[in-house]
Amino acid sequence: MTGGHPDLSVDLGRGLVLPNPVGLASGTAGYGFELRRLIDIDRLGALFTKGTTLRPRPGNPPPRVAEVRGGMLNSIGLHNPGVEHVAAVYAPEFARWSVPVVVNVAGGSVDDYLLCLRRLEDAPGIAGYELNISCPNIEGGMDYGQDAAAAARLVAAARALTSRHLMVKLSPNVTDIAEVARAVAGAGADSVSAVNTFVGMKVHRGIRAPVLPGRGTGGLSGPAIKPLGLAAVARVRAAVRIPVIGVGGIMDAGDAVEYMIAGADAVQVGTATFVDPGAALAVLDGLRDAAPGLRARPAAALRGGTVPPAGVEPASTG
Amino acid sequence: MTGGHPDLSVDLGRGLVLPNPVGLASGTAGYGFELRRLIDIDRLGALFTKGTTLRPRPGNPPPRVAEVRGGMLNSIGLHNPGVEHVAAVYAPEFARWSVPVVVNVAGGSVDDYLLCLRRLEDAPGIAGYELNISCPNIEGGMDYGQDAAAAARLVAAARALTSRHLMVKLSPNVTDIAEVARAVAGAGADSVSAVNTFVGMKVHRGIRAPVLPGRGTGGLSGPAIKPLGLAAVARVRAAVRIPVIGVGGIMDAGDAVEYMIAGADAVQVGTATFVDPGAALAVLDGLRDAAPGLRARPAAALRGGTVPPAGVEPASTG
Amino acid sequence: MTGPPGTELLSDLGRARDEVGEVLEVQLLGGGLVEITARLPHLAATARPGEFAQLRAWQGVEPLLRRPFSVAWTEGDRCAFVLEAVGSGTRMLVALRPGDALRSLGPLGNGFGFDPCPARALVVSGGLGCAPFPLLVRALRRAGCPDVTVLSGAATGARLYPAERFRRGDGGVAVLEATDDGSRGHRGRVTDLVASRCDAATIVYACGPNVMLAALASTLAGLAGPPRRAEVSLEAPMGCGFGTCLGCALPVVAGGGPDAPREHGTAWALCCRSGPVMEVSRVAWPELLALPPAHVA
Amino acid sequence: MTGPPGTELLSDLGRARDEVGEVLEVQLLGGGLVEITARLPHLAATARPGEFAQLRAWQGVEPLLRRPFSVAWTEGDRCAFVLEAVGSGTRMLVALRPGDALRSLGPLGNGFGFDPCPARALVVSGGLGCAPFPLLVRALRRAGCPDVTVLSGAATGARLYPAERFRRGDGGVAVLEATDDGSRGHRGRVTDLVASRCDAATIVYACGPNVMLAALASTLAGLAGPPRRAEVSLEAPMGCGFGTCLGCALPVVAGGGPDAPREHGTAWALCCRSGPVMEVSRVAWPELLALPPAHVA
Ligand SMILES: Cc1cc2nc3c(=O)[nH]c(=O)nc-3n(C[C@H](O)[C@H](O)[C@H](O)COP(=O)(O)OP(=O)(O)OC[C@H]3O[C@@H](n4cnc5c(N)ncnc54)[C@H](O)[C@@H]3O)c2cc1C
Ligand SMILES: Cc1cc2nc3c(=O)[nH]c(=O)nc-3n(C[C@H](O)[C@H](O)[C@H](O)COP(=O)(O)OP(=O)(O)OC[C@H]3O[C@@H](n4cnc5c(N)ncnc54)[C@H](O)[C@@H]3O)c2cc1C
Ligand SMILES: Cc1cc2nc3c(=O)[nH]c(=O)nc-3n(C[C@H](O)[C@H](O)[C@H](O)COP(=O)(O)O)c2cc1C
Ligand SMILES: Cc1cc2nc3c(=O)[nH]c(=O)nc-3n(C[C@H](O)[C@H](O)[C@H](O)COP(=O)(O)O)c2cc1C
Ligand code: FES
Ligand code: FES
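Protein chains in written order, with this note's numbering: chain A, 2 to 319; chain B, 2 to 319; chain C, 768 to 1064; chain D, 768 to 1064.
The hints are simulated quantities; they were obtained by calculation from the structure and are not laboratory data. Any given hint could turn out to be false.
Pairwise CB distance ranges, derived in the manner of DEER restraints [as the list claims (entries may be wrong)]: (1) B/D290 - C/V787: 36 to 46 Å; (2) A/D253 - C/A868: 16 to 26 Å; (3) C/E792 - A/D43: 32 to 42 Å; (4) A/R242 - B/P93: 53 to 63 Å; (5) B/D290 - D/D914: 56 to 66 Å; (6) C/V853 - A/D43: 52 to 62 Å; (7) A/D177 - C/A862: 38 to 48 Å.
Note that the structure is predicted; figures quoted are calculated from it, not measured. Quick reminder that beta carbons are idealized off the backbone N, C-alpha and C, glycines included.
Turn these sequences into a full structure, and let the hints guide you.
Below is the structure:
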């Protein structure tokens, strides 16, 4: 070690170089304004904004969050001020920050996504886009994250529109996340992030009903999903060559290291920030300390694992 | 209350009447022989056997289990003595027990499943079958649980072969579990059980590799999956009219009640038995105490929940 | 603060800080109420009445999230919280012993308004709704409010927050009590006591269960002479407490106007940012009452 | 016990019982070793040398599963366990205090064989592999074994299980020590001491890390005069401990024969049912050594 900070920067391609591999996950850091008051977000690798839609959205009725064992469910419903506000009011602020800001874009129709991106193209301070194709049915739109062909069409159209970095946030609520990853990579995505939340439900014994409104389901995040996120990242890593950003239940630097062993090039810290606003910084500091060991590339690390007797293809369960 | 035990029996159709709604989940109770030594399994609603295949299977190389936060991963690989042994040696024993024994059948090709069922048809002591279509690729077979059409073909063929109760164990690792449920119900399944384990991974920071062999993944079970299992059961409940058996992370009677509120007609206790061999009995005793309240039918319970303002279709996340 | 999402002012997070303090005292007040005093210098120095802190006093992820509590009072470098063991988090908190660590992120949210200071202050507390009021009462008196009356209600006498703790030695503060079972003070709802004590010079401050606050709102709406202002402190399940999860939405009356578009009839405001204190007229009461109780999440 | 899956004999679960006992003593032995004594009447009355119990001393699901521990010794209604804090479960266990509850499911697994009793018994212990041996030593002596020698190895002297605790007052038991760093006894591997003390009348009993046991196996294989029998106690990550999860597979040499079909070259045997004690010749040593250490799961 040379004594200075090891260089932890991660080049994700097409101009998006993260100063370090630790970002704040979409929807858990708003647009950065609140967290800036609490922590030094400029030290972080990236800020992924709240999912932003073409028009302002008031979000879902309460209750929108519910805690479960080792995690939380949310049903925020993409509460956001709309792209115009983000582009006109927030983006000029982003331009003054040194943390790269990646705008998470969500939408109903392909046109909604594209209009949203087009408006952002003119805005300063945006380091790239994270296409949230794992957002649920709104306005009867289809769920691109669950349909590889539809996802590819969306990404191809977005690709044609922007030369900024295009990351795609994958849904884990699919039969084969690798298929979707391959489809969006083929369509021109520069990187993928995995995973978004898992569809879960909390049932309250007192009211004898689900806690969250509507269908009663919400997105599960937090430590409970870490094993699922790790499996998804490993699967995606094996399927595509583009960078993979790991997210799901990262609470400390050790969790981040696990994601990197599973194949992630960078990570996002989500729910942990609610528990401790400084969680992402703590992850970063922990990674710095572990940096010498970080070099092991995912594939190599996986090869270092247990090798079953030839001919045995282990089953995933049962 | 009349003073005696409330009648908790559940008629699942086609001759399978569970004396009460609490069963032991497949793969967590073997074929009952060990647990019989430890607890009075004859008090339970059902015993679901280890997944049984046409030929004996030695299972996967170790390590086969790994603990994670709030759950465990397993990669057993359908270690079982094969259907011949089960039919010839175990089934006559089952016939002497008062707990209904449902044989969990797993296989590669449709033919494997059918040969397995045919052999069991001649055997005594079998209350029904639980078709494990959520078992992973073995012998290059396809994963029926992840393909609604293939699942339907398998179930239709099995239906033609047996007049015993045919339950289908659904995989949660799919884009739309309701679609698979509808397909198997349409093909003649008498009931469905949900969920099997979720694909997860544990990464060990020390060896810098996944803990489990092969691809490094295993099936996640235990409390960590309860919110996911509840969401799956509610979704399946809304999709089909046949009985739904809830399984996933049930540790106590309260958890079982939650599954019933979400729509389950009966439940299976899995991983909890490892923690406490008497867990299923404790769930049953707890349900008996709560029995008066148990009558609320799932749909009614769901209706009793929070009603969002008209026109708002809550998103599942974000 | 009533504009469309995203145009809401950011709450004043400039004062919020994460600090690890030390528990000094855990007092059982009777009826299940517990008052925890802790050395939390930053919170003590900066919290304003009605503001809250996100507390955590455990390692690991059971429970996962911090829990929000009103700052009950401050004294030097000490802060107090009043609570009851209702779930896993509060059970951990009431089990704390002197010397244990207590982590606080705060102060958070907005507080009660008392500038300019009202000529009369009517403080309406229901059950654990007492929590923010010792601090408010003191602040009102310090700001020169000559007439501070606390209406303190609970299910039973045992569950009444002790009158002396509202006053904290200030004989100029009146405390009137009401209990559902009549075991102490007025038999009936605490809101019954409001009408006769309210005039145009009064500001009403209230905290308690939603049904109580809704009853208060309709009492006030029915008054011939309404108070100058009425503020209620509300609860919502919280993810973060600092405005980034957007989880703590409460139903408020839509702002209206072309610059405040609404896709639906009801608007939402964040409890942790536009609250927990809101003007009574801002709250969409029917929608609030239609929600499951705050503690259900 | 070497047949195909499902034809394995069921282990004698008839004696196993779930009981809640009380911790009596927690002794720090030095070097991180801890001996926990608990009142567990059923386990104390029924455990045979080499058998284990699934322990749990915490509420909730962190950690989720019970943890397996050898029964170190029994005395009246008391049982002892020897362990070290290596992870979450053992940390909870070593933090127990007298009076705390300790839940035990046991006895589980098979035990060491000493019927008929050997003329010489060579007990080889490596590190925490000492755990099952006080009980075995006593049983051997009670069964009339005239010559019991314990070879006790560890990394350093501080980590040696005290010789007196192997003997438990029986002067007829010899204890020879070895340490990797030479800080006590023989400098080097404990298995170095085996060859000269082994003859055809000897039964070898061993417990310790896999590498040590494998070294022992090859030492024994190289002997001109092999021992009458050699038994090793192995570890595997466990789900249940009582044979229903099929999680604790260990690689054994394939049984062969038409009634023991094998799909693959290696066979698996369950540690909790066909083990933890296995004959040394039954273990597939190269495959065992290729696995990650047992503690990795
Ligand atoms: C801004 C704000 C300020 C607050 N200030 C205070 C305060 O000063 N003092 C105070 O005591 N509380 C206060 N609360 C409420 C407090 O935050 C909750 O009671 C607390 O978060 C509950 O945490 P828990 O882990 O104990 O229960 P949870 O784990 O959140 O709930 C577990 C279960 O406990 C039961 N439960 C929870 N709450 C209740 C209840 N109230 N009644 C009956 N059953 C319940 C429910 O079944 C619930 O599902 C405030 C809330 C907010 C939003
Ligand atoms: C039949 C049987 C009998 C046993 N008898 C005993 C006994 O008598 N005494 C005894 O001490 N143990 C014994 N063990 C081993 C004991 O069960 C494990 O050490 C224990 O389960 C670990 O639980 P844990 O929760 O502390 O660690 P885990 O939570 O299981 O492991 C957490 C992490 O701790 C670390 N870790 C765990 N074990 C080790 C280790 N040995 N060395 C370094 N790091 C480690 C690893 O990083 C691991 O991932 C026995 C095991 C079996 C199968
Ligand atoms: C309250 C909340 C809101 C979220 N909103 C979004 C969103 O708007 N867009 C998105 O892509 N992901 C969203 N997510 C998902 C997170 O970015 C992340 O993928 C997920 O929470 C898993 O990571 P974690 O376990 O670290 O929280 C949200 C998560 C939470 C908890
Ligand atoms: C060790 C283990 C083995 C399992 N084997 C099978 C199996 O053979 N067939 C099957 O359908 N499910 C199998 N399962 C899944 C369980 O039946 C159950 O669906 C799952 O564990 C979720 O329930 P739980 O959280 O209560 O354990 C197995 C689960 C475990 C933990
Ligand atoms: S609690 Fe997160 S925004 Fe209010
Ligand atoms: S530990 Fe479950 S079978 Fe051995």
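Here is how each hint holds up against the structure:
1. B/D290 - C/V787: 36 to 46 Å: Check passed, 43 Å falls within 36 to 46 Å.
2. A/D253 - C/A868: 16 to 26 Å: For C/A868 against A/D253, whose Cβ atoms are near 18 Å apart, the range 16 to 26 Å holds.
3. C/E792 - A/D43: 32 to 42 Å: holds (40 Å)
4. A/R242 - B/P93: 53 to 63 Å: Cβ of A/R242 to Cβ of B/P93: about 57 Å, so the range 53 to 63 Å holds.
5. B/D290 - D/D914: 56 to 66 Å: holds (60 Å)
6. C/V853 - A/D43: 52 to 62 Å: About 40 Å separates the Cβ atoms of C/V853 and A/D43, which means 52 to 62 Å is violated.
7. A/D177 - C/A862: 38 to 48 Å: Since A/D177 and C/A862 have Cβ atoms about 47 Å apart, the given range 38 to 48 Å holds.
Of the numbered hints listed earlier, the single one contradicted by the structure is hint 6.
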